[in-house]
Amino acid sequence: MMSDRAPVPPLALDRPNSYIGRSVPRPNARRLVQGRGHYTDDVAAPAGVLHAAFLRSPYAHARITHIDVAAAKAAPGVALVVTGAEIDQVCEPWVGVLSHFKGLRSATQHALAVDHVVWQGEPVVGVAALTRAMAEDALSLIEIAYAELPPVTDPDAALLPESPLIHPELGSNLAFALTVESGDAEAAFRDAHTVVSGDFRFGRHSPVTLEARSVLADFNPSERRLTVHQSTQTPYQMQDIYARHLGLPQANVHVIAKDVGGSFGMKLHVYGDEVATVAMSVILGRAVKFIADRLESFPSDIHARDHRVRARMAVAADGEITAMIVDDLTGVGAFSAYPRTSAVEGNQAIRLMGGPYKLRHYSGNLRVVFQNKAVMSQYRAVGHPIACGVTEALVDQAAAAIGLDPLEFRRRNLLTDDVYPYTSPTGYLFERLSHHQCVDKLERLMDYPALRADQAEARTKGVVRGIGFAVFIEITNPGPAFYGVGGARITAQDGCVLTLEPSGNIRCAVSVTEQGQGTEAIMAQIAASAVGVRIEDVRVITGDTAATPYGGATWASRGAGIGGETVLITGKALRANLLRLAGILLQMPPDNLDISDGLIVDNATGRERITLQELARIAYYRPDTLPQGVQAELTAAHHHVPRGQPFAFTNGIQASHVEVDVESGFVRLLNHWVVEDCGRVINPLLVDEQIRGGVVQGIGAALFEECLYSEQGQLLNGTLADYLVPMASEMPDIHVDHVSTPTLHSELGAKGVGEAGTAGAAAAVLNAINDALQPFGARLSQMPATPERILRALGKLAG
Amino acid sequence: MTTMATTISVNGTSVTRQVEPRTNLVDFLRGELGLTGTHVGCEHGVCGACTVLMDGATVRGCLILAVQASGRDVLTIEGLSEPGHRITKALQEAFVLRNALQCGFCTPGILVTATELLTQDPAPSRELIREAISGHYCRCTGYHAIVDAVQQAADVLAATQGPA
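Protein chains in written order, with this note's numbering: chain D, 1 to 799; chain H, 1 to 164.
No wet-lab data here; the hints were simulated from the structure.
These stretches of chain H come out as covered by chain D in the derived footprint (C-beta under 8 Å, 3 or more residues):
(1) 35-44
(2) 75-81
(3) 105-114
(4) 144-153
What you are looking at is a predicted structure, and each value in this text was computed from that prediction instead of being measured.
Where is the CB? At the ideal position from N, CA and C, for every residue including glycine.
All chains should be modelled from the sequences, with the hints used to inform the complete structure.
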C-alpha cells in the first residue's frame with residue numbers, strides 16, 4: 001500500500017492492536033444477507049398508517065387550468081387528497097440557489113405543482129389512503145385539465161432568443177454561467193504545433209438505486225413532534241429542511257435512516273413528493289408512507305450528466321500539452337435542485353478539465369440551462385466523468401497526432417512529483433498526487449506490452465480489440481467551501497460521541513451514515529484502534545438525528561476522511577479519560593499505562609493491570625470506591641471539520657480492454673484495471689469494492705445508460721426494461737491496486753474513494769473503443785457508445 | 001374489491017389469508033406475513049430483488065399473484081436462513097467475508113438464485129455464475145465480488161461435503 005516515493009507518515013494508530021489497514025468484514029452485513037435489513041419500507045408502520053400516491057404531470061410543459069378531486073375524495077379508503085396550493089399552506093416552497101454560485105437562478109418550486117407544470121412526471125396531486133392500491137385507484141378518479149405549452153428540451157435551442165421560457169419571471173432559460181480563465185489560451189493555440197478537438201456528448205442518466213426513494217412520516221399533533229423514517233444519505237439536512245419548511249422547532253423533528261438501499265448522491269436532494277408526504281402527515285396527524293415505484297422513479301429521481309462539450313487541446317512540437325479551451329453546455333431540467341443546486345456538476349466539470357496535466361493556459365466556459373425535463377443534480381462523481389471523458393479523449397487524439405504511445409504521452413504531460421503543493425489553472429489546490437507511481441503500477445498490473453502484442457495478433461485474425469486509458473483526479477473531503485459558504489444549511493463538520501458502557505463495550509454514535517459502503521465498519525475500526533479495544537466490542541450507531549450528533553453525513557467521499565478523523569479524535573480523547581481514571585485506581589501516572597485489546601496494561605511491560613470491564617464496573621456501580629472528588633468521564637464528544645484545504649484530491653488511472661464486433665457494433669469488455677491513491681487505506685476490502693462498484697457505474701455511462709426524451713419532453717425509456725444498466729454477464733473482472741499518499745491535513749490521512757471508479761471508467765472504455773476503431777478511421781465522441789452509434793461511426797449505418 | 005381464500009406453504013408453514021386477486025406474491029409476503037427480506041425493486045420483473053423459490057425453482061415475486069401461489073411451497077430468504085439450508089448458509093458466509101454486498105437490497109434475491117445455481121451445479125465457472133445472476137441488478141458492487149463469493153461458497157461446500 002506504500003507509495004514508491006512518499007513514505008507514509010507514522011500514525012499514532014500504528015499499534016499492535018490497530019485495525020487500520022485491515023480487511024475487516026462489515027458488522028452489519030450479516031443481517032442483510034439473512035433478509036433482516038430495515039429499509040424504510042420494512043419499518044413496522046404505526047397503526048393507521050396511510051399510503052401516499054401522486055398524480056404526475058403527463059406533459060413536459062403545461063398550464064393547469066382545472067383540478068377536480070371530488071370523486072377521488074369520495075373513493076374507498078381515501079383520507080386526504082391535496083393539491084399544491086393546499087400543501088403550500090403548511091409547507092414553505094423553495095428556490096434552489098446558493099450565493100457562492102454567483103448569478104445562479106431558479107424559480108420557486110412547490111412540493112406539488114401550482115398552476116404550471118414544467119416536466120413530465122412532476123407531482124401535481126397527492127392522495128393518502130388505507131393502501132397504496134386504494135390511493136392509486138383514487139388517482140384514476142382525479143381530473144386535471146391542462147393547456148399545453150411549448151416544451152423546451154434541447155439545451156442549445158433553450159438559449160435561442162425565440163425559445164419559449166420555462167420560468168417567464170427569469171427572463172431566459174439560462175440558470176448559470178461561469179467562465180474560468182488562466183494564462184493565455186488563445187495565444188497558446190496560435191503557437192500550437194498541433195491542435196486536436198472534439199464535440200462530446202454525454203447522455204442523461206438516472207441513478208437507479210435498487211431501493212426506490214422511500215419515506216414514512218408520523219406527525220404527533222399533541223406535541224407537534226414529527227418522526228420521519230427516510231431512505232436518505234443526509235438525515236440532519238432533512239431534519240433542518242422539515243423543520244424550516246413545515247414551521248416546526250428543529251428539536252421536534254426526528255429523522256431516521258436505517259438501512260438505505262443505494263443512494264449514489266440521489267438520496268440527498270429534496271423531492272416534492274417526499275416533502276408532500278411529510279406535509280400530509282402534518283395535516284392529518286397520522287402516519288403517511290410513500291414508496292416510489294420504479295415507473296415514477298425514472299421521471300422524478302434527479303437525473304445526472306447531460307452535457308454537450310466542445311473542446312480543443314493545443315500541443316507543442318515536443319508533445320507538451322500547452323492549453324485547453326472548453327465550452328460546456330449542460331441541461332439541468334426544470335429547476336435547480338434544492339438545497340444543493342444544479343450548478344455543482346457543471347462547475348466541477350469545467351474546473352476538473354485537464355486537471356492531471358501540466359498545461360497552464362486554460363479557458364473554460366460553462367452554461368447551465370433549464371429544460372422541461374426531470375431536475376438534474378449531484379450523482380456519484382459529480383462532473384468528473386465529463387472532465388475526464390473530454391480530457392482523456394483529447395489526450396489520446398493528441399498522442400496519435402504527435403505519434404506517441406498514449407501511455408508515454410501521458411507520462412510526458414502528467415504533473416510531476418516535484419510540483420506539490422500545486423494550484424491548477426482552474427484554482428484547485430493539489431496537496432500531493434501520485435500520477436507517475438500510478439501509471440507505472442498500472443502498466444505492470446495490466447502487462448501493457450503483452451496486450452499490445454495481443455492486439456496486433458488478434459487484428460491479423462480479424463478480431464478487433466482496443467486498449468484505453470484514463471487518468472483521473474477526484475474531489476473528496478469537502479469542507480465548508482462546498483455548500484456552507486453559499487448559505488446552505490449543509491454542514492461540513494461531523495460529530496462523534498464515544499462512551500465506555502457499563503459492560504466495558506464502546507458505543508460510537510457518529511454523524512456519517514451508511515448506505516453500504518461500509519461506513520459502520522471503518523468507524524468501528526477507527527474507534528477500536530483509537531481507544532484500544534477489540535472491534536467486536538464497538539457498537540456503531542448512525543443515521544438517527546436523535547442518537548448521534550448533527551453532521552454532514554455521507555456524500556462526496558467525505559465519510560472516511562472527515563467522519564473517520566472525527567472518530568479518531570474522539571477515540572483518543574476517550575482513551576485519555578479512561579487512562580486518567582485507571583491511573584487514579586492503580587495509583588500510577590496515566591502516561592505509564594496503555595489500553596490494548598480492552599485491557600489497561602503497563603506501558604513498559606505490556607502486563608495487564610485491569611480490564612476495561614472492571615474499570616467500567618467500578619466507574620458505573622462503585623464510584624464510592626473512588627477517591628473523593630473524582631468523577632469518571634466515560635464519554636468523549638468531539639466535532640471535526642477539515643480546515644487545511646477546501647477539499648482533498650485523490651488521483652489514479654484506469655485501463656480498459658475491449659473487443660468490438662464491427663459487424664454488430666457490440667462491445668465486449670475483456671478486462672478493466674484501476675490503480676488509485678485514496679491516501680491511507682483503512683479497509684482494503686471495502687476500498688476495492690467501492691472502486692469496482694464505481695467502475696461499473698462508469699461502464700454503464702460508457703455503454704448503456706441514457707434517459708431518452710422525445711422532442712415533446714416525454715421520457716421514452718422510463719422502465720428498468722428499457723433503461724439499460726450493467727448486468728453481471730457483460731461486466732469484466734476488475735483488477736484494483738493502490739498507491740498510498742495520505743493527506744497530511746489529518747492524522748488519519750484518508751482521502752475518500754467513492755467517486756474514483758466512476759470518475760474514470762467511462763473515459764477508459766470509450767478510449768478503448770476508439771483505439772479498436774482507429775484502423776477503420778472511425779471515432780466516437782458520444783456516450784453511451786451504443787451498437788447503433790458504433791455502426792454509424794463505422795459508416796455501416798446511415799445518418 | 002372481492003378477496004379469495006388463499007393457502008400457501010411459506011417457509012414450511014401453511015398460511016391461509018383472504019387476498020385480493022390483484023395482490024402479487026411479494027406484496028403478500030411482505031404485507032400479510034411481514035417477511036420483509038424479499039424486496040421490491042421494480043415491480044416489472046427485471047431487477048430480481050423479489051426473487052423467491054416456489055416449489056424449488058426461482059420466481060419473481062412481482063410477476064406472480066399471491067392467488068397463483070395457492071397450494072405451492074414458497075421459500076424466502078428468511079426460510080433459507082433457518083438451519084438445514086447448507087448451500088444458502090455457505091453463500092451467506094462467503095458474501096459477508098468477501099464483502100459481496102454493499103447496500104444489500106439486491107442481496108436476498110441473488111442469494112436465492114445462487115442457491116438454486118449451486119443446487120443444480122456445485123462447481124459453476126465464473127462465466128456461468130455471471131450468467132446465472134444476470135437476472136439480478138446490483139448497482140453497488142459491480143458484480144465481481146458476488147462472482148467471487150459464489151465461487152468461494154462452492155469451494156467450501158465441496159470441501160465440507162467431500163467427493164459427490
